[in-house]
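Novice: Once you have looked at the hints, place chain A on chain B.
Protein chains in written order, with this note's numbering: chain B, 17 to 475; chain A, 17 to 475.
Everything labelled a hint here was simulated from the structure, so no lab data went into it. Hints are not guaranteed to be accurate.
As a list, the in silico DMTMM-like pairs of lysine to aspartate or glutamate whose alpha-carbon atoms are at most 25 angstroms apart [as the list claims (entries may be wrong)]: (1) A/Lys288 x B/Glu219; (2) B/Lys365 x A/Glu299; (3) A/Lys365 x B/Asp295; (4) B/Lys55 x A/Glu326; (5) A/Lys221 x B/Glu109; (6) A/Lys374 x B/Asp295; (7) B/Lys50 x A/Glu326; (8) A/Lys50 x A/Glu109; (9) A/Lys399 x A/Asp26; (10) B/Lys428 x B/Asp405; (11) A/Lys221 x B/Asp286; (12) A/Lys365 x B/Asp286; (13) B/Lys367 x A/Asp295; (14) B/Lys181 x B/Asp93; (15) A/Lys365 x B/Glu299; (16) A/Lys183 x A/Asp59.
Number of protein chains: 2
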Amino acid sequence: MTAIQHYIADNREKILEELSALLSIPSVSSDPRKKTHMKHAADFLRIKLLEYGADKAALLPTRGFPVVYAEKIIHSDLPTVLVYGHYDVMPAEPVELWASDPFKPVIRENRIYARGADDNKGQLFTHLKAFEYLTRNNLHRCNIKFIIEGEEEIGSPSLSGFLRKNKDLLKSDIIVVSDTKMAGPDLPSVTIGLRGLCYAEIEVKGPDRDLHSGHYGGVIANPVHALCSVIASFFDQQQRIIIPGFYDQVQALSETEKNELSRITVSVDDFKASTGVHDLTGEDGFTIPERVGARPALDVNAIWAGHIGEGSKTIIPSTAHAKITIRLVPDQSPDNIHDILKKHISALKIKGVTVELKNFYGSKGYSSSVESKAYLSAISALKKAFGVDPVPTRSGGSIPIISDFEQILGLKTILMGFGLDSDRIHSPNENFSLNNLFRGIESVVYFYDEYCREGRVAR
Amino acid sequence: MTAIQHYIADNREKILEELSALLSIPSVSSDPRKKTHMKHAADFLRIKLLEYGADKAALLPTRGFPVVYAEKIIHSDLPTVLVYGHYDVMPAEPVELWASDPFKPVIRENRIYARGADDNKGQLFTHLKAFEYLTRNNLHRCNIKFIIEGEEEIGSPSLSGFLRKNKDLLKSDIIVVSDTKMAGPDLPSVTIGLRGLCYAEIEVKGPDRDLHSGHYGGVIANPVHALCSVIASFFDQQQRIIIPGFYDQVQALSETEKNELSRITVSVDDFKASTGVHDLTGEDGFTIPERVGARPALDVNAIWAGHIGEGSKTIIPSTAHAKITIRLVPDQSPDNIHDILKKHISALKIKGVTVELKNFYGSKGYSSSVESKAYLSAISALKKAFGVDPVPTRSGGSIPIISDFEQILGLKTILMGFGLDSDRIHSPNENFSLNNLFRGIESVVYFYDEYCREGRVAR
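The shape of chain B in the complex, shown without the other chains (with noise of 0.2 angstroms):
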């Protein structure tokens, strides 16, 4: 055993207790009511960073939810590594879902259950209790910053702002974010390439008013018929998007980057199991990593119209809404998304109603060298961790502000990853790993072992 894996054994209830504590705070950001909550996880996190070993802790502020800051310096000449983190959670509806209370934290079968588990929160911890490690044992080779933000689950609206005004505290050398999955149950990845993400409204509206959809109905255009007529327009019958122009930017994959996403093996029938559905629907001639990790992806999140409680209500009601949100791979940008959908639906000249794109916000996709220093310190960590060759994986999730770190700090990104797909990440019954909890705690302190070995760097 190595030193660090005696650590944890020893530390494990403790590890367990604290990571709780944390997940029992409900800082769900998109809730107005949950505000105490986020201010209550951001200070659990600073006098944390400060047990463990931090020189200095603050909640820094934003236009928004603040940000966690801490560091450790050892000296300027030292490398430094900025670890990114959010301490704010999905919402937990549908409650009743949930075999156990979202933000009582429970262990079965060796997960532990709670929304935020793996997202954030859980992944987030691997970098704390590393550092905790590093300090307990004196073992710190590099500066180290940590950035926990507020609003990940709500696009991050205020961290490029926050980014702008900071960019002296916040020089380093590299940024390490735990907030992807691996590539499988046992197999490590480095995820190199991020879809970007476009969030936006579609707001339809009609009569002045909820009418009788007997005296109306014929007459009077169904904000829903339109809603649904959009959306529909969106899509031929395999799913693949319709929309003009949104495929241009689009790059097509190289042979290389074929090859590497073609060594992440996806058993269809698995993932159909998991999921439990009975067919998969996509792009035809992409494999499933290639759909959701290389090529865009259109999403309508939710939709809502009329009387949606118990029992009927015979109306033509006055609006509809959907909120849609769509993935873009790195050579998309988001204005030209949200020009070409402004004129396509624009171009779809439905009448009698308004539509409307309404609170539209984006940001770019990301992808990373597999050359870079850090990235092989990553790997080799990862391989230390877990015993395989890790793999190099496109995640078809979107970390916001990670091509705002590349375009403000200048700095890349190493995303080490320790989620998995039964994880649940914005589902019911959110559940994290404790085997990934506890490698990931080693990977984190293997990785400034690696990275920060040769001491000062010339910059």
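Specialist: Using the frame of chain B, we list chain A on its own:
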């Protein structure tokens, strides 16, 4: 002034107080939390009917909410009029759009505002007060029976069973109902056609839980997209219904019918202004009264999926739902509509999800003669009360049990309604014109005058 006009003038405050008391009871049949209020409304009417002169009045059980039954039998040889109404109302939601509490009636500008002010408590009240007037002045020349049900707004699921069970008790010569609109603010009418109603829910099931739209977008079929494509497949750009076979049973209007309907002049500009829309839609080649009264329509009344509350939740929702109603013209059969709808949906062969048609129920449309004694009595009564020649109309709405009355009891119905377009039934700020309330009471009294004039009838 006629005697009834005097009576109304003398009792104005009392009439409004009593109606307000009834309107204060939130008897929403579709809301399980309102059960006590349903009982309260039924009891209120039972007691009022006794007070107004019924020989007996009782709550008769059904498999759902009870029917208020009352009768005044003068002599078995006299004609019997059966008055039908309903004591249940639509939900008041969205309550925030009401200018005053939907269950605290207020009078503004000679209108009474409350949920049910028109539909049906206000309209029903014209019959109760006419009945009271006849009793107080010893003017009954007919037998009168009342049935007032509590499930009209949820499609009267128990009433046909009730009618079958109580055929003898309900033996009558004609049914009179005030639950329809006039042709215009000063143009009274008898409704000689009603559209039938089919109700159904469409449920689309996809993955067994909400999935992260980044990790699964582009591979897993999104139930919202599927639902939207089902709904979009119902219509062409003009909102003409393109479900194969949908118009097969729809009979073309005869020239006579077209002429009758053309007496109702609807200004397109007024229609737009009163609903706040810029363009009307619907089938080419038909006028507004024809589209609403003599052509079928399909409307989505509600749709929902995903996280509807504040904030974004980037998921592929596990399920998506819609509630739809189809308005039928007299020759269309609900069973046929059910079959073609099911067939159409299954022919779409939507991949990766299951689409189910649930909770279907339907009732046929209705049409009646313009030559019967009852019809002529109604026309004459309305002319006397309003001072204008009434017109026969076809309503786009549905009163599902009117065709049941014909099929089960063998009785025709006179639909003599006092509602106006501006009454906003089923919408926030429902109201009823006090003029129409009072002229309604008059009309009912004059109707009995005409219809019962000859005394004994040969059966």
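Novice: Is A/Lys365 within 25 angstroms of B/Glu299, Cα to Cα?
Specialist: With Cα atoms ~17 angstroms apart, A/Lys365 and B/Glu299 stay inside 25 angstroms; holds.
Novice: Does A/Glu326 sit within 25 angstroms of B/Lys50, going by the straight-line distance between their CA atoms?
Specialist: holds, 12 angstroms
Novice: Take a quick look at whether A/Lys50 and A/Glu109 sit within 25 angstroms of each other, Cα to Cα.
Specialist: The hint holds at about 14 angstroms.
Novice: Taking 25 angstroms as the top limit, are the C-alpha atoms of A/Lys288 and B/Glu219 close enough?
Specialist: holds, 20 angstroms
Novice: Checking one constraint from the list: CA of A/Lys365 to CA of B/Asp295, max 25 angstroms. Satisfied?
Specialist: holds, 12 angstroms
Novice: So if I understand the rule, the pair passes when the alpha-carbon distance is 25 angstroms or less; does B/Lys181 with B/Asp93 pass?
Specialist: Holds, at about 24 angstroms.
Novice: Hint check: A/Lys365 vs B/Asp286, CA-CA at most 25 angstroms. Holds or violated?
Specialist: holds, 24 angstroms
Novice: Verify the proposed pairing of A/Lys221 with B/Glu109, using a straight-line Cα cut of 25 angstroms.
Specialist: The given pair, whose Cα atoms are some 18 angstroms apart, holds under the 25 angstroms limit.
Novice: Just to be careful, I want the Cα atoms of A/Lys183 and A/Asp59 compared with a cutoff of 25 angstroms; is the pair within it?
Specialist: holds, 23 angstroms
Novice: Is the straight-line distance between the alpha-carbon of B/Lys365 and that of A/Glu299 25 angstroms or less?
Specialist: holds, 17 angstroms
Novice: Hey, A/Lys399 versus A/Asp26, does the alpha-carbon distance stay inside 25 angstroms?
Specialist: Holds, because 23 angstroms separates the two Cα atoms, which is no more than 25 angstroms.
Novice: Between A/Lys374 and B/Asp295, does the CA-CA distance stay at or below 25 angstroms?
Specialist: Measuring from Cα to Cα gives roughly 23 angstroms; hence the hint holds.
When the structure is compared with the earlier hints, no violation turns up for any of them.
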